[in-house]
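From just these sequences and the hints, can you work out the full model?
So the sequences go chain by chain: P and A. Quick note on numbering: our numbering labels position 182 of the first sequence as 332, and the sequence is numbered without any gaps. Quick note on numbering: our numbering labels position 146 of the second sequence as 870, and the sequence is numbered without any gaps.
It should be emphasised that the hints constitute simulated quantities derived from the structure, not laboratory data. Cβ coordinates follow ideal geometry from the N, Cα and C atoms, glycine included. It is possible that some hints are incorrect.
What the hints assert, rightly or not - Label-pair ranges, simulated between beta-carbon atoms:
1. A/E859 with P/D445: 41 to 51 Å
2. A/E879 with P/G460: 48 to 58 Å
3. A/Q866 with P/G421: 23 to 33 Å
Said to hold, decoys possible - Looking from chain P toward chain A, a few residues come up when the C-beta cut is under 10 Å (computed):
4. C240
5. F270
6. G279
7. L350
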Amino acid sequence: MPETRLLFKHIDVPGIDGIEVYERAGGYRSLRKAVREMSPDDVVREVMTSNLRGRGGAGFPTGRKWSFLPKDGRTRYLVCNGDESEPGTCKDQEIIYRHPHLLIEGVLTSAYAIGAEQAFIYLRGEFKGGYLTLRRAIAEARAKGYLGDDVLGSGRRIDIRLYLGAGAYICGEETAQLESLEGRRGMPRLKPPFPATAGLYGMPTVVNNVETLAAVVPIVEMGGQEYAKLGTKESAGTKLFSVSGNVRRPGNYEVELGKVTMGELLHDLAGGPPEGRRFKAVIPGGSSVPFLPPDKFDTPLDYESLRAAGTMLGSGGVIVLDDQASIVDASLRLMEFYRHESCGKCTPCREGTMWLEQALGRIVSGEGRQGDLKTIEGLIAHIDGQTFCPLGDAAIAALGSALRLFRGEFEERIATPQRQLAEVAQ
Amino acid sequence: MNQEHLAEAKSLLTAFPGKSSALIPILHLVEDEFGYIPQEEVDAVAGLMGVTAAYVEAVLSFYTLFHRQPTGKYLIQVCRGLSCHLRGADRLARFLYEELGVQRGGTTDDGLFTVEEVECLALCKDAPVVQVNLEYRPRATQEELGRLIAESRQEVARHA
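Given below as structure tokens:
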């Protein structure tokens with residue numbers, strides 16, 4: 151099962167991070183086509199027709215998101231979400247570090263489409279190297295007239311400002327990101343109003359993920375209709391999947407949505423489990439979605455099929471656990487993450503993740519009590535759908551499914567006294 | 725802040741459509757210069773931004789890359805994301821603690837190294853991942869980190 155490369159078509163070309171090589175590979179043709187031959191509304195229509203859905207995790211139709219901007223003459227902003235922090239996800243990192251001009255072209259073309267003169271690229275603070283790469287690439291693009299006060303002689307101004315976050319998972323949530331971009335603690339805002347009507351500095355704003363904006367480049371190049379022929383009717387195009395954990399060839403793989411199954415991704419592309427091991431389960435969409443067990447590895451990789459299989463496509467971060475990995479340990483590791491990253495704004499998330507971490511910590515260290523699983527399930531019920539932003543639901547998705555699919559592992563760990571666990575560890 | 729950073733900080737005040745956006749970039753300048761955010765700088769940044777020191781502290785305490793205590797010349801951050809956890813991140817962290825004689829978050833007595841365990845660094849395909857002063861070390865091994873420590877020590881000794 152081969153990859154279908156649109157975004158990664160040229161990523162292995164030596165020097166593609168430089169503008170000359172990028173141009174020779176056809177780079178900035180989409181921006182030129184958009185600015186010279188299409189009206190902004192034409193570009194929006196192509197993106198609508200393409201059925202592109204947000205690649206950050208939520209899968210919301212990109213063209214629809216753009217169409218929510220009110221036509222009231224106010225300043226509009228485009229924010230590119232490069233905060234990639236979802237555990238298991240490293241696709242945007244590869245675009246930013248290795249293919250910066252693809253992202254810049256996507257941002258400029260999209261800013262043109264939505265009528266934004268100023269775009270921002272918000273990078274997580276740990277992407278310092280990517281920040282320097284993008285800064286150099288933006289300078290190259292500016293020297294060639296692709297951005298600045300007069301984009302390609304059109305008389306239009308489009309500029310990009312880079313912004314480096316400082317370490318906080320929640321800043322990937324779009325309203326928290328806007329708070330951070332405005333120099334505050336990254337705590338989510340109440341919605342509505344949505345960013346489309348009151349976003350950055352209170353102005354109409356679109357926030358799109360790195361991969362989403364990069365996908366606008368091939369969409370403009372090939373046309374929305376051609377793009378929509380890839381993938382399935384509801385899950386169009388290609389998607390980057392980051393495969394990590396217990397596999398032989400971890401990596402980012404670009405495949406047509408719905409045309410490749412989880413099993414094919416894991417075996418044909420990622421090389422199967424390590425020698426002598428078997429797969430136990432995967433978390434297919436970044437750590438915030440339910441586990442998918444091996445008996446469902448024939449599920450095609452698209453939004454609808456994965457949902458029908460009880461999980462979600464999410465960000466496409468596929469974390470693989472083999473039969474040597476402990477679901478109980480993994481559950482604790484994930485809960486420590488969510489407890490650390492909870493912004494503290496709402497009680498169910500702030501307190502709930504802390505109590506869940508404590509209960510799981512007891513079980514892992516051999517001090518689990520009968521009744522702990524009931525306690526955990528009670529806490530899950532009090533978080534589920536009860537939190538201010540999606541982080542709460544994200545924190546319990548994998549754990550809830552782990553209790554359903556691998557309950558025996560938890561019970562066994564609770565039944566094993568501390569003394570025996572210590573002996574096993576020896 | 726040194727003169728260069730101060731000039732940059734002042735230019736940041738007008739670089740965004742809203743002045744408030746300058747705060748985090750300015751705090752990055754301070755962290756880069758001192759390896760942490762000293763109290764005098766909190767006051768200085770507050771003065772520059774026209775906000776209270778409490779406000780600056782409220783913002784910086786939200787973000788893990790801003791430190792309130794001095795960090796080593798080399799800030800070693802071991803990713804403990806699930807993918808790295810599955811590929812030996814715990815062993816890597818233990819190795820560093822033993823090699824450097826520090827605990828989690830600690831700094832060596834000579835002020836050279838700080839070791840932290842951090843959440844997912846978004847390079848899961850190359851797990852286990854470490855960042856040294858925010859530069860990636862993909863597929864990190866004990867041997868490589870041991871060499872890096874030895875080389876960094878020599879480098880510093882040469883310039884001493």
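Hinted contact P/G279 with chain A - closest CB pair below 10 Å: With a closest approach of 6 Å, the P/G279 hint holds.
Evaluate the given range 23 to 33 Å for the C-beta pair formed by A/Q866 and P/G421. 24 Å, holds
Per-residue hint verdict: P/C240, partner chain A, C-beta under 10 Å: 5 Å, holds
Under 10 Å, Cβ to Cβ, is where P/L350 needs to be relative to chain A, so tell me if that hint holds or is violated. With a closest approach of 8 Å, the P/L350 hint holds.
The hint says 48 to 58 Å between A/E879 and P/G460; measuring C-beta to C-beta, is that right? About 53 Å separates the Cβ atoms of A/E879 and P/G460, which means 48 to 58 Å holds.
Given the hint of 41 to 51 Å, check if A/E859 and P/D445 actually sit that far apart at their C-beta atoms. 42 Å, holds
Closest C-beta approach of P/F270 to chain A relative to 10 Å, hint status: With a closest approach of 9 Å, the P/F270 hint holds.
Violated hints are absent here; each numbered hint is respected by the structure.
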